[in-house]
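Going line by line, the protein sequences match chains A and B. Quick note on this note's numbering: the first sequence kicks off at 1 and runs consecutively. Quick note on this note's numbering: the second sequence kicks off at 1 and runs consecutively.
Keep in mind that the hints were calculated from the coordinates and are not lab data. Note that the structure is predicted; figures quoted are calculated from it, not measured. A portion of the hints provided could be inaccurate.
Among chain A residues calculated to face chain B with C-beta under 7 Å, some are [as the list claims (entries may be wrong)]:
hint	residue
1	45
2	61
3	143
4	146
5	147
6	167
7	194
8	195
9	196
10	198
11	199
12	202
13	205
14	207
Just so you know, even glycine gets a beta-carbon here, dropped at the ideal spot from N, CA and C.
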Amino acid sequence: MNKFLFSLLFSSTVFGASLSESFPAGKGANYSVKMGKDVEPVHLGLYIAGTRVDSVHVEYFMETKGLLPVQMWQQFEIVVKEKGPAEIKKGFVFTKEMKKPEIMPDNFLKGASGGIQMNDFLFADKSALEKYKIGVETIEIAAGTTKATHYRTTNNGQTVDYWISDEAKPMGLVMLTSKSDKVESQNYSLEMKSLIQNVKPRILPENAGPLTEQGKKFLAKPESMR
Amino acid sequence: MKFFLALALIAGHASASGLKTVDLKGETTETQSPTASEKSGLTPEQNKELMKKVEDIKAKQAKSAKILEEMEKDE
Numbered sequence: 001m002n003k004f005l006f007s008l009l010f011s012s013t014v015f016g017a018s019l020s021e022s023f024p025a026g027k028g029a030n031y032s033v034k035m036g037k038d039v040e041p042v043h044l045g046l047y048i049a050g051t052r053v054d055s056v057h058v059e060y061f062m063e064t065k066g067l068l069p070v071q072m073w074q075q076f077e078i079v080v081k082e083k084g085p086a087e088i089k090k091g092f093v094f095t096k097e098m099k100k101p102e103i104m105p106d107n108f109l110k111g112a113s114g115g116i117q118m119n120d121f122l123f124a125d126k127s128a129l130e131k132y133k134i135g136v137e138t139i140e141i142a143a144g145t146t147k148a149t150h151y152r153t154t155n156n157g158q159t160v161d162y163w164i165s166d167e168a169k170p171m172g173l174v175m176l177t178s179k180s181d182k183v184e185s186q187n188y189s190l191e192m193k194s195l196i197q198n199v200k201p202r203i204l205p206e207n208a209g210p211l212t213e214q215g216k217k218f219l220a221k222p223e224s225m226r
Numbered sequence: 001m002k003f004f005l006a007l008a009l010i011a012g013h014a015s016a017s018g019l020k021t022v023d024l025k026g027e028t029t030e031t032q033s034p035t036a037s038e039k040s041g042l043t044p045e046q047n048k049e050l051m052k053k054v055e056d057i058k059a060k061q062a063k064s065a066k067i068l069e070e071m072e073k074d075e
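For reference, chain A alone in the conformation it holds in the complex (with noise of 0.2 Å):
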């Protein structure tokens, strides 16, 4: 789950607006995600805590169910470039176990290798999306009806659609599955809830600590500790 969020980037058309102007903070959306054979949705928040010159601060809100349920907030500082992928430059985690939140140190910030990161394909050139895409579509979402843009990118095994729209900006995404017959964790859906707007972001970055073995807990392991 962690894996898969982390690497969740942008779709917009950034430039040409100021960063403010493209990613206003407060906004976002909220999203239901199936992992694999998982019976309860993730709920996932993700919305704008705020915007730098150069850079945009993103925070996820995850909660799941269960028998052992679990609220976990995530914001990255993410430098956005007029070409290329967008950088994730900062991160910090929080959960009600932790006293202040906690600073995510570099190798924790890689993600996962292997399969499709969302950074592969979410640029914020929308040129470079063009040879995945399948066609604009017309799709039906928790959050009502929203004409959406449908790609495809495989890699590896994996194979991921995913739907963007303009009415669902800042974030775009709308609709997403992921497969894959050879690693389980690549097997998940997300779909739209709703749009939200004036969104307090729970993380401030300037509260932050360094990374505790508790909090490690809640992390997924980055590849040099495995």
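Chain B: place on chain A using the hints.
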């Protein structure tokens, strides 16, 4: 005409794009969490009020602890 206006107001959850929109009104995500509301049986508004009361109690506890600490120092 009034009927249609009322309908439009009721459907106020829909955004300009037609997609459902939730306004968190400056709160963090947890206060609107469906799980928190479902677990307690409270509406999101009641949940928010309850959380505010909890925060107030915590603040008072912290204040009392500080006063006690100062009293102990004085002794």
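Interface hint for residue 147(A), Cβ within 7 Å of any Cβ on chain B: Not OK, violated: residue 147(A) not within 7 Å of chain B, min 10 Å.
Proposed interface contact between residue 61(A) and chain B, which counts if any beta carbon pair is under 7 Å: Since chain B brings a Cβ to about 4 Å from residue 61(A), closer than 7 Å, the hint holds.
Hint check, residue 45(A) versus chain B [nearest Cβ-Cβ separation less than 7 Å]: Hint on residue 45(A): holds, closest Cβ of chain B at ~5 Å, below 7 Å.
Satisfaction of the residue 167(A) interface hint, Cβ to chain B closer than 7 Å: holds, 3 Å
Restraint outcome when residue 196(A) is required to lie within 7 Å of chain B by C-beta distance: With Cβ-Cβ at 5 Å, under 7 Å, it holds.
Cut-off 7 Å, beta-carbon criterion: hint that residue 194(A) touches chain B: With Cβ-Cβ at 4 Å, under 7 Å, it holds.
Satisfaction of the residue 198(A) interface hint, Cβ to chain B closer than 7 Å: holds, 5 Å
Given hint residue 205(A) near chain B, where the shortest CB pair must fall under 7 Å: violated, 15 Å
Supplied contact hint for residue 146(A), tested at 7 Å Cβ to chain B: holds, 6 Å
Chain B contact restraint for residue 207(A) - C-beta distance below 7 Å: violated, 14 Å
Residue hint residue 202(A), partner chain B, criterion CB-CB below 7 Å: Holds. Min distance 5 Å.
Interface restraint verdict for residue 195(A) against chain B (beta-carbon cut-off 7 Å): holds, 4 Å
In this structure, the hints that do not hold are numbers 5, 13, 14, in rising order.
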